[in-house]
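Q: Sequence:
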Amino acid sequence: MPFTQPNQELRHDLKQAADLLNWCGVDLSKLSARLSEAGREEDAQEALRIARALQETEDKLTEYADEVRVGRIVRGKAE
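Those letters in the sequence shown? Residues 1243 to 1321, per this note's numbering, in order.
There could be a bad hint or two in this list.
[Said to hold, decoys possible] Derived SDA-like pairs (lysine to any residue); straight-line CA-CA distance at most 20 Å:
hint	residue 1	residue 2
1	1319	1272
2	1272	1317
3	1257	1273
4	1257	1295
5	1257	1287
6	1302	1251
7	1257	1286
8	1272	1248
9	1257	1321
10	1257	1288
11	1302	1317
12	1272	1288
13	1257	1302
14	1319	1302
15	1257	1275
16	1319	1262
17	1257	1304
Everything labelled a hint here was simulated from the structure, so no lab data went into it.
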């Protein structure tokens, strides 16, 4: 199955969303460290929990992008 323009765009969009989630997760991890240093351990743990959830979602989006690349997921025409 050819790698069509709509599929290329879908893969690009998925990778872009995954990159954004990664960036946010890194920022939250840094924030967590600062919160912990300030003695706000409960807030630090919450920030880490959110960062982990973002990482899990980033991984899923990356997997979906890979599936688009190999043709397991294709973008069809809207009905």
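Q: If a hint holds in the structure, say so; if it doesn't, say that too.
A: Cross-check of the supplied hints:
Distance restraint check for residue 1319 and residue 1272: the Cα-Cα separation of roughly 42 Å exceeds the 20 Å cut-off, and the hinted pair is therefore not satisfied. In summary, the hint linking residue 1272 to residue 1317 is not supported, as the alpha carbons are separated by about 37 Å, beyond the 20 Å threshold. This hinted pair does not check out: residue 1257 and residue 1273 have alpha carbons roughly 24 Å apart, beyond 20 Å. Restraint check for residue 1257 and residue 1295: satisfied, since their Cα atoms lie roughly 17 Å apart, inside the 20 Å limit.
For the given pair, residue 1257 sits about 28 Å from residue 1287 by alpha-carbon distance, which is inconsistent with the 20 Å threshold. With a C-alpha separation of about 17 Å, the suggested pair residue 1302 and residue 1251 falls inside the 20 Å cut-off, and the hint holds. Annotation: proposed proximity of residue 1257 to residue 1286 is violated, straight-line Cα distance about 28 Å (limit 20 Å). The hinted pair formed by residue 1272 and residue 1248 fails the criterion: a straight-line CA distance of about 36 Å is larger than 20 Å.
Our distance criterion of 20 Å between C-alpha atoms is broken by residue 1257 and residue 1321, whose separation comes to about 25 Å. Between the alpha carbons of residue 1257 and residue 1288 the distance comes to roughly 26 Å, so the proposed pair goes past 20 Å and is violated. Taking the CA atoms of residue 1302 and residue 1317, the gap is near 17 Å; set against the 20 Å cutoff, the hint holds. Restraint check for residue 1272 and residue 1288: satisfied, since their Cα atoms lie roughly 13 Å apart, inside the 20 Å limit.
Distance hint between residue 1257 and residue 1302 is fulfilled; the C-alpha atoms sit about 10 Å from each other, no more than 20 Å. At roughly 23 Å between alpha-carbon atoms, residue 1319 and residue 1302 are farther apart than 20 Å, so this suggested pair is violated. Distance restraint check for residue 1257 and residue 1275: the Cα-Cα separation of roughly 27 Å exceeds the 20 Å cut-off, and the hinted pair is therefore not satisfied. This hinted pair does not check out: residue 1319 and residue 1262 have alpha carbons roughly 27 Å apart, beyond 20 Å.
A threshold of 20 Å between alpha carbons decides the hint, and for residue 1257 with residue 1304 the separation of about 6 Å falls inside it, so the pair holds.
In summary, the numbered hints that this structure violates are 1, 2, 3, 5, 7, 8, 9, 10, 14, 15 and 16.
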